[in-house]
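> Heads up, the sequence shown is in this note's numbering, so the first residue is 12 and it goes up one at a time.
Note that these hints are calculated values from the structure, not bench results.
Be aware that one or more of the hints could be misleading.
[Unchecked claim] Here are the simulated lysine-lysine pairs, BS3-like style, with alpha carbons at most 25 Å apart:
| id | residue 1 | residue 2 |
| --- | --- | --- |
| 1 | Lys108 | Lys85 |
| 2 | Lys172 | Lys235 |
| 3 | Lys172 | Lys108 |
| 4 | Lys105 | Lys85 |
| 5 | Lys235 | Lys306 |
| 6 | Lys235 | Lys85 |
| 7 | Lys235 | Lys156 |
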Amino acid sequence: MQEERGVIICNSWYACSHLKAKENTTALTHRDLDILTSLDRTPMTPRQLHVASQAYRQPFTDEALVRRRLGRLKDAGFTQSFSYSLVSDGRAPKYWKLTRSGYRLIYGADAILPGRRYFSEVSVGHHVHTHAIASLVAHLASSAKRHGIEMDQYARENSVKLQAGQSHVFPDGAFRLRHRRQSDRPYSFVLELDNGSERVRSNKDIESIERKIRTYDLHQSRYKREDPARYLVLFITTRSEQRLHRVLRECSRLIQNSDRTLFLGATLDRILQADPFAEPLLTSNNGLERTIIPKSALG
């Protein structure tokens with residue numbers, strides 16, 4: 012245990028049941044650590060955190076309470092906020108990120124800090140992309156909790172490199188879904204969040220969807236069916252159903268074993284409007300309508 016900015020800090024998760032400040036009235040709780048963990052995964056707005064909090068042990072009942080708590084964490088030096096340049100009904104929404112102190116609160120004072128980009132403002136060109144990832148992650152986490160499923164081992168955007176032959180990909184995220192009664196059978200995913208900026212098919216374009224499909228196919232094929240490390244690519248597009256179907260047709264054309272499931276795809280709008288654990292909202296590369304994990308795994 013150590014002290015930082017007048018706040019008593021435990022270096023390990025949930026090591027303290029109640030953390031009290033000496034120099035101000037800030038008292039950090041398990042829910043505060045949940046907030047910081049959500050922001051470690053991806054920047055989030057208060058509205059997105061309100062959704063994500065439904066997976067916390069103590070969910071927020073109101074978005075205003077989220078804003079208030081974020082303000083207290085900011086005063087304590089653990090969070091910071093920036094403004095999105097997005098179309099909205101009123102003021103541009105703010106998104107929140109960890110500070111270096113907030114990161115150390117989770118991982119310990121001796122943790123190696125991520126690069127500067129982790130703590131700095133998101134470039135305007137990535138606002139739509141980052142906001143979409145956060146909406147998806149919040150919705151998946153909250154939906155999973157209703158079925159006794161936990162999202163864990165989350166890896167941030169571009170923090171994982173998958174190498175296959177001479178090619179590689181940096182997914183937009185990676186995570187596992189584990190049922191509390193079947194913790195030895197996790198379901199692993201890598202995330203591809205598509206905004207329509209990449210060409211679907213191109214031999215020259217290094218950022219084409221075709222190149223990613225080939226790389227994922229080669230990389231995933233090294234794992235046997237029951238290997239816990241075997242993953243599916245969760246392909247979510249903010250564009251149209253037509254683009255989604257075009258990408259899935261390209262998967263069918265390129266994947267070496269047409270019977271093997273590699274991609275699960277859906278539009279972001281479709282996913283956010285319903286429960287992907289209860290309804291078959293996703294389409295696989297081999298044409299099956301699926302829930303995100305088999306219903307049999309829900310118990």
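> Compare the structure with each hint and give your call.
Evaluated hints:
1. Lys108 to Lys85: Holds. Lysine 108 to lysine 85 sits at ~10 Å (cutoff 25 Å).
2. Lys172 to Lys235: holds, 20 Å
3. Lys172 to Lys108: Holds, at about 23 Å.
4. Lys105 to Lys85: Holds. Lysine 105 to lysine 85 sits at ~13 Å (cutoff 25 Å).
5. Lys235 to Lys306: holds, 21 Å
6. Lys235 to Lys85: It is violated: about 46 Å lies between the C-alpha atoms, which goes past 25 Å.
7. Lys235 to Lys156: Not satisfied, since the Cα-Cα distance of roughly 28 Å exceeds 25 Å.
Figure legend: structure checked against the earlier numbered hints; hints not met, in rising order: 6 and 7.
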